[in-house]
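Student: Please build the complex by placing chain B on the supplied structure of chain A, with the hints as guidance.
Number of protein chains: 2
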Amino acid sequence: MDCIFCKIASGSIPVDIVYSDKDLIAFRDIHPQAPVHDVIIPRKHIESVNDLNTSTKELAGKMLLVAKLVARKEGVAERGYRLSINCGPDGTQIVPHIHIHLLGGRMLTNELG
Amino acid sequence: MDCIFCKIASGSIPVDIVYSDKDLIAFRDIHPQAPVHDVIIPRKHIESVNDLNTSTKELAGKMLLVAKLVARKEGVAERGYRLSINCGPDGTQIVPHIHIHLLGGRMLTNELG
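Going down the list, the protein sequences come from chains A and B. Each residue of the first sequence is one higher than the last, beginning at 9 in my numbering. Each residue of the second sequence is one higher than the last, beginning at 9 in my numbering.
If you're looking for bench data, these hints aren't it; they were derived computationally from the structure. Just to be clear, a hint being listed does not mean it is correct.
No copy is singled out in the list; a pair is fine if it fits within one copy or between any two copies.
No more than 27 Å apart at the CA atoms, straight line, and that leaves these computed lysine-lysine pairs for DSS-like [to be verified]:
1) 81 to 65
2) 30 to 15
3) 30 to 52
4) 81 to 15
Quick caveat: nothing in here was measured; it's all calculated off a predicted structure.
With the rest of the complex left out, here is chain A (with noise of 0.2 Å):
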């Protein structure tokens, strides 16, 4: 498996983590956007939001329960943050595994890309 995200999951590379479980890892990205900029991403490899299915349902939406988990955890749930999953090329997806960018701990701006 050469997907970077796996990796991280599985530990083979090291990154800064916020929050793990059996199947979520939530860590901070290395190319931050603002002043808090965590990737929360399922262990199980899903290669983006077109691939979800009723199977996933419910870690999809585990996803988002973990987001508000690590917005508490970084001290940002009450001044506010974004949520953002990008998807395929014009959502300018990096890595071919979903994952959620949170966005924190400044104004954000009303672009939404």
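Tutor: Chain B in isolation, oriented as in the chain A frame:
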């Protein structure tokens, strides 16, 4: 209930509906930031990501699955798109009813906010 998205869900404010089922509704944003800009909301009033919990985890997952369907319906699934969820002041959340923005139809910028 004075929530504009609850009024949209109940049909008392007309919008350009893209998708609708018993749990969720998707409609075109009236101030689009891209050729395709839709908003996906649950019919149930949940204020933000901070208010998700285990009882609404499945609904949260379904929001992402419906986003996938909406992307396909709008013809942007293959070229790509971005999903964004604003939460709280720093996240520029305007309407306090959880919603996913879906942007596509052009190459989006790398800036997530």
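Student: Taking the numbered hints from earlier one at a time, note which ones the structure violates and give those numbers from smallest to largest.
Tutor: none
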